[in-house]
Amino acid sequence: MKFSSALVALVAASIASAEVTWEFKKYDNGVEVDFEEGPATKFQTQVLQRVSDARKRNRASFAGRKAATTVTSSNWCGAAVTGSDYTSVVGTWTVATLSRRSGQSSSSDPALAQWVGIDGYSNDALIQGGTLSQLEGSSQENYAWTEMLPASLKQISLTVKTGDSITTNVTATGTDSGTVTIINNTRGTSVVGKVSGGTKLSQTAAEWILEDFESGSSLVEFAGFPTQTFTGTAVHSGTSESPASATLIDIVQSSKTLCSATLSGSTVEMTDS
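For the sequence shown, the residue numbers in mature numbering (1 follows the signal peptide of the UniProt record, and there is no 0) are -18 to -1, 1 to 255.
A portion of the hints provided could be inaccurate.
[As the list claims (entries may be wrong)] Heads up, simulated BS3-like pairs for lysine-lysine below, C-alpha to C-alpha not over 27 angstroms straight-line: (1) Lys176 x Lys7; (2) Lys24 x Lys143; (3) Lys182 x Lys143; (4) Lys8 x Lys24; (5) Lys143 x Lys8; (6) Lys176 x Lys8; (7) Lys238 x Lys143; (8) Lys24 x Lys7; (9) Lys24 x Lys176.
No wet-lab data here; the hints were simulated from the structure.
Please build the complete structure, drawing on both the sequences and the hints.
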């Protein structure tokens, strides 16, 4: 299914999106402008799906990178900090340039999402925001989006181009409410979304993630990409925390590692494997 056509499709009534309510404001160089809310989509990011429960290893330091505990997942690549009372997380990244992997046909539409969020690492709740990119033929389409489970992600009307610098701040304002601010640093535009409803947050984790998301009930084909980085911090119990102490997450599908995460100081690096 083409990404552009899927974006305009409404979520099936069986998805409990009616419980989640969003309100948005858009800004251009700090001045509020008209905002047109995007449609709900068939796409959905998901909580961490472990390849094997608690499969862990200690990755040795190399090239100045910090050794860290790593877990494997079929859909997440990046880093997660865990604890209690996570109230916000911020991350900055560059919208990746996608490519097709060996074996993916020229008619395939591989994709990935880049985002920050609260929860989802060890529970079924998740509030998040970021960018989503997909190849369609020889063109790459990029979108900004927000999501709070159990609803599917919602496209927002913020122009995003390949190579743009994006900063996203996700803040939990209650157990079932929060704000997501997505800033396109390259273009001086931003959208602020306020959400209520959805699955109750436990606020026990914050993440910086590159994801192979779902369309319907299946993972989309996972695109190739150059090495990507996240910088940013999370706040829990009033204390700022960088990813330097995070658990790293690699994507493994059919026993093959597709994305590996490492730490360089407090920067999360994700490498196509």
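Cross-check of the supplied hints:
1. Lys176 x Lys7: Since the Cα atoms of lysine 176 and lysine 7 sit roughly 9 angstroms apart, the hinted pair holds (cutoff 27 angstroms).
2. Lys24 x Lys143: holds, 22 angstroms
3. Lys182 x Lys143: violated, 33 angstroms
4. Lys8 x Lys24: holds, 24 angstroms
5. Lys143 x Lys8: holds, 17 angstroms
6. Lys176 x Lys8: The given pair, whose Cα atoms are some 12 angstroms apart, holds under the 27 angstroms limit.
7. Lys238 x Lys143: violated, 30 angstroms
8. Lys24 x Lys7: holds, 23 angstroms
9. Lys24 x Lys176: Satisfied, since the Cα-Cα distance of roughly 21 angstroms is no more than 27 angstroms.
Violation of the numbered hints given earlier is confined to hints 3 and 7; the remaining hints are satisfied by the structure.
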